[in-house]
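Sequences and hints are given; from them, build the entire structure.
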Amino acid sequence: MSAEFAQTFLARMDSEGHRLHSSCDYVIEGHDIATHWWSLTVFDDKGRLIPNAAERYAFTSDTITLNHDGSFIAALARDARPGNWLPTGGAGRLVIAFSVLDLGIRAVARDGDEVQKLLPVIRRSAC
Amino acid sequence: MWLLARLKRANWRLIAAAFFAVCILHIVATLAAPELATSSAYDRLAQDLPLNKMQVVPPVAPKTQPLPFLSPDARYALCRFDTLDGSVALTANLPGPGWTLALYSTEGENFYVSVAQPGRRTEISLLLVPSDERVTGLTAHAPADAPQQDATLTVAAQKGLAVLRAPDQGLAYRARNLAQLKRARCAFRPL
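Respectively, the protein sequence lines represent chains A and B. Counting from 1, position 31 in the first sequence corresponds to residue 31 in our numbering; the numbering is continuous, with no gaps. Counting from 1 along the second sequence, just add 127 to a position and that's the residue number in our numbering.
None of these hints come from the bench; they were simulated from the model. These numbers were taken from a predicted model, which means no experiment stands behind them. Beta carbons: idealized from backbone N, C-alpha and C, even for Gly. Treat each hint with caution, since some may be false.
Claimed, not checked - DEER-style ranges, computed between Cβ atoms:
id, chain 1, residue 1, chain 2, residue 2, range
1, A, Arg48, B, Pro177, 24 to 32 Å
2, B, Pro193, A, Ser15, 25 to 33 Å
3, B, Ala159, A, Arg81, 40 to 48 Å
4, B, Gln174, A, Arg81, 36 to 44 Å
5, A, Val121, B, Ala314, 42 to 50 Å
6, A, Val121, B, Ala148, 40 to 48 Å
Unchecked claim - Computed list of chain A residues with no C-beta within reach of chain B, every gap over 10 Å:
id, residue
7, His21
8, Ser22
9, Leu66
10, His68
11, Gly70
12, Ala80
13, Arg81
14, Asn84
Unchecked claim - Stretches of chain A that chain B covers, calculated by requiring three or more beta carbons in the stretch to come under 8 Å of a beta carbon on chain B:
id, segment
15, 42 to 55
16, 95 to 101
Here's what the structure looks like:
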């Protein structure tokens, strides 16, 4: 879709520059933005969804559980975690996709700096 | 000393020519890669779609993921349109945030998009008409026989995909969103 309305950001490394891998656990922290619809999806390094018994592959701004201040925390791990958990199975290298859709209230997607502020932070919690 | 002697005897013109030839080959191969790909995104998505008919496709899942990095964050209804022998009428409803209707050429170029806005129900009515040029622009046209509907946009397009996207809003909304997707229409009108 046109970059004026929608953008997808792919992360292959965590905030410390380490390659994302299913042998580690990660915490993704971000903040909901009322002017955008967004989604957070985990893939393997070839862009394939990771099969899991929970059939859970993504969260959206409609389906994620937000904190009272509008922030969110999602966990990426092999084993189940409380809250917003995305299973990583034994996928190996991971890619996290963050897609944002401008709802037309204001054309934020045209401003690179504004979009950068929306990006969640990926922190390794265990390995 | 032996290495130095070998380097002095080397044909540097030939080495430079070979280096530039490799560079040119690399650039040409990179630029040609999209053309040499075995199947495009359009081919993959359109192969099972009927012509000029809106069809709701299965939810994106590991076994049904048609494209790499396609997220299951939405359900889709697709119409493979072709205006070679006539026009194609598209109607859809975008009931809330996250809903979009987009038109793509066979090369994957997005040349039209409509995005639902919060608190506003958007009725979309498009008439895709044949043209020698891929896109000549959009012109508003309000049909007199449909006063209750928003203005119909006439879009010049030859072949491509219309993609109606319903965001995943959770289990409670899936049946309603699926019903809205099924209401979308893509109908051929002969010249």
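Tested hints:
1. A:Arg48 <-> B:Pro177: 24 to 32 Å: 27 Å, holds
2. B:Pro193 <-> A:Ser15: 25 to 33 Å: Because 32 Å falls inside the window, the suggested range holds.
3. B:Ala159 <-> A:Arg81: 40 to 48 Å: Since the Cβ atoms of B:Ala159 and A:Arg81 sit about 46 Å apart, the hinted range of 40 to 48 Å holds.
4. B:Gln174 <-> A:Arg81: 36 to 44 Å: The hinted range 36 to 44 Å holds for B:Gln174 and A:Arg81, with Cβ atoms some 39 Å apart.
5. A:Val121 <-> B:Ala314: 42 to 50 Å: This hint holds: roughly 47 Å between Cβ atoms.
6. A:Val121 <-> B:Ala148: 40 to 48 Å: 46 Å, holds
7. His21: The assertion about A:His21 holds, with a minimum of 18 Å to chain B.
8. Ser22: 15 Å, holds
9. Leu66: 13 Å, holds
10. His68: With a cut-off of 10 Å, A:His68 remains clear of chain B, as the shortest Cβ separation is near 19 Å.
11. Gly70: Nearest chain B Cβ is 16 Å from A:Gly70, so the label holds.
12. Ala80: Given a closest Cβ separation of 18 Å, the condition holds.
13. Arg81: 19 Å, holds
14. Asn84: Holds, because the least Cβ-Cβ distance between A:Asn84 and chain B comes to about 13 Å, which exceeds 10 Å.
15. 42 to 55: With 8 residues closer than 8 Å to chain B, the segment 42 to 55 of chain A meets the three-residue bar; holds.
16. 95 to 101: holds (count 4)
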